[in-house]
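Protein chains: 2
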Amino acid sequence: MQCSKCGNSQVIIKKQQSGQYLCKDCFIESIEKKVIKTVKKEKLLDKGDKVLVALSGGKDSVTTLEILNSFRKMNIIDICAVTVDEGIDNYRQEGVDIAIRHAKRLGIEHKVVSLKEEYGITLDEIMQKDNHIGSCSYCGVFRRTIINKAAREMGATKIATGHNLDDEVQAIMMNYLEGNTDNLTKLGAKSSSKAKEFTVKIKPLREIPEREIGLYVVAKELEVHFDSCPYAQQSFRGEVSDLINKLSEKHPTIKYSALRGYDKIKEAIGDGFKKTYPQSRCERCGEPSANRLCKACTFLEELGK
Amino acid sequence: MQCSKCGNSQVIIKKQQSGQYLCKDCFIESIEKKVIKTVKKEKLLDKGDKVLVALSGGKDSVTTLEILNSFRKMNIIDICAVTVDEGIDNYRQEGVDIAIRHAKRLGIEHKVVSLKEEYGITLDEIMQKDNHIGSCSYCGVFRRTIINKAAREMGATKIATGHNLDDEVQAIMMNYLEGNTDNLTKLGAKSSSKAKEFTVKIKPLREIPEREIGLYVVAKELEVHFDSCPYAQQSFRGEVSDLINKLSEKHPTIKYSALRGYDKIKEAIGDGFKKTYPQSRCERCGEPSANRLCKACTFLEELGK
Ligand code: SF4
Ligand code: SF4
Ligand SMILES: [Zn+2]
Ligand SMILES: [Zn+2]
Ligand SMILES: [Zn+2]
Ligand SMILES: [Zn+2]
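Residue numbers (the working numbering), protein chains in the order written: chain S, 846 to 1150; chain W, 846 to 1150.
What the hints contain is simulated information worked out from the structure, not anything from laboratory work.
Remember, it's a predicted structure, so these values are computed and weren't measured experimentally.
Certain hints may be false.
Each pair may be met inside one copy or between any two copies, as identical chains are not told apart.
[As the list claims (entries may be wrong)] List time: in silico BS3-like cross-link candidates among lysine-lysine, alpha-carbon distance up to 27 Å:
1. Lys879 - Lys1109
2. Lys1035 - Lys1109
3. Lys1140 - Lys850
4. Lys1111 - Lys1035
5. Lys1031 - Lys961
6. Lys949 - Lys1095
7. Lys1109 - Lys1031
8. Lys1111 - Lys1031
9. Lys1041 - Lys994
10. Lys1140 - Lys1031
11. Lys949 - Lys1109
12. Lys1041 - Lys949
13. Lys859 - Lys1111
14. Lys882 - Lys860
Please build the complete structure, drawing on both the sequences and the hints.
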């Protein structure tokens, strides 16, 4: 077997979509080119942007940082990073340390914010107190609030997250199946800039399949945190993920066609769904919120914090 | 176990969605009420309509005829039926005979049109000649053309087809997955009346799960043709059907939520996709067509007919 691009005999991957065989260098180049293509096509970056990377230390966020850094090296954008320490014993610290080392290696402004400092409680403590809601709901709400706040404090103009093709197609299909049209229009490569209170979010890895990101960090020898969270409980997402992967075996382009179809639907819908942007601010913390209390503060009150 | 409605101890079904147990009479009533509800909610019928039922003799079309007939008995609509005989040996004749008996029993104007009479060729003969396209493509195109023509000839104002909940959700998910947004907006309970050349199509069984239609014809002792076509080759549809059914086991309302979500998306899209309605007529047969030749005539020329 030979690399379909350069003829090198050290092939490391057969691309599922195109059927191409690629050697290590050509594979790395293909991923980086594709991310750059997404950035251009979706207009994810503007010259002069300061992009805050939500850096967990996992493969997706490390890859996001690594590839966006090429735009920084060309002086197109500036980059900073934030890592949220949820406070999960025997799990989170390794990811935080890895994030710190990457930020240092690249010389990037970096902030680590822990739930404990910010709210006086760790996820472990929340889960001991109360788990009728599910760890990921707390985690998601608090992390989002912390990242939004960090973006404002660090003067970021965009927030980049590591969502990959599989994450995105799973979310799209879940919302289709659940008939959850409100969430459906919130997906996409770039969040709406209409809600001026919130920094625009971008997903540079949105067209890269999960397994290729796994291979990319290995090929580039990037240190990443591979363990999975002890609280991970993604039943419906897991089911949807399994069935999309099963369809992909026989229909290798199906994740892409589903993504393209979604993008066309989203564009055609335009303002067809009435979107409600938060009009006021949370009484407790001052964050933008549609209700008297933002979601994070609602949880905190329930937790007696 | 007792019927959740009337207490009768002869329960014949546990409804997947609601968890209700129903006896035979309450089950029959529940199906008929639900179809009537769909008809009203989606405004499928107008007083004075003459509805042409596309009557294959299978469970879906026989149920459609049976339930729409209740509107005929109340003098709200008139009904006629058309059966297409594709010419499939050892298969089609039984369905045609059953269709003839139902039309006779109800005293309904009925027409049987064969591919052989109409185009001088049977599906069996087509499949011996040429099968690079696939039986169902020929069959679908010729059947649709014959039904549209019959509707005009019989003075029908609507065409009713037997599509059930499973058919509809499969088609929706297939189009989502394939990114086929043009076909996506053609689904729904009622076809657009903007293409004036075509009779409006309605799907009264769109909210009834396939297995409940199977049980309905048994409970009502309706004669139907249960065999499946020897050419049936629905690989991708079959895969999608399997995975939706698998999800349904754990999430019994998922077919409904996917249907509702689709309906909201379709409404929000509105005219967001440019739809092309046939502007001209087929040079060969005079049917409305976007191209010089309609699809049926394109196939016929390829087949040398
Ligand atoms: S799996 Fe859930 S609980 Fe664990 S880090 Fe992710 S969101 Fe938080
Ligand atoms: S399965 Fe295909 S070939 Fe057979 S009757 Fe149906 S559409 Fe025609
Ligand atoms: Zn190569
Ligand atoms: Zn708040
Ligand atoms: Zn009963
Ligand atoms: Zn024609």
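Results for each hint:
1. Lys879 - Lys1109: within (20 Å within a copy, 33 Å between copies)
2. Lys1035 - Lys1109: both (14 Å within a copy, 23 Å between copies)
3. Lys1140 - Lys850: neither (50 Å within a copy, 41 Å between copies)
4. Lys1111 - Lys1035: both (12 Å within a copy, 23 Å between copies)
5. Lys1031 - Lys961: For lysine 1031 and lysine 961, neither the intra-copy (29 Å) nor the inter-copy (53 Å) Cα distance is at most 27 Å.
6. Lys949 - Lys1095: For lysine 949 and lysine 1095, the Cα distance exceeds 27 Å both inside one copy (43 Å) and across copies (47 Å).
7. Lys1109 - Lys1031: Result: close both inside a copy and across copies, 14 Å intra and 15 Å inter.
8. Lys1111 - Lys1031: Result: close both inside a copy and across copies, 9 Å intra and 17 Å inter.
9. Lys1041 - Lys994: Answer is within; shortest intra-copy Cα gap is 14 Å, inter-copy 55 Å.
10. Lys1140 - Lys1031: Result: close within a single copy only, 17 Å intra versus 39 Å inter.
11. Lys949 - Lys1109: The answer is neither: 40 Å in one copy and 48 Å across copies each exceed 27 Å.
12. Lys1041 - Lys949: neither (32 Å within a copy, 67 Å between copies)
13. Lys859 - Lys1111: neither (32 Å within a copy, 38 Å between copies)
14. Lys882 - Lys860: within (18 Å within a copy, 50 Å between copies)
Taken one by one, the earlier hints fail for this structure at numbers 3, 5, 6, 11, 12, 13, listed in ascending order.
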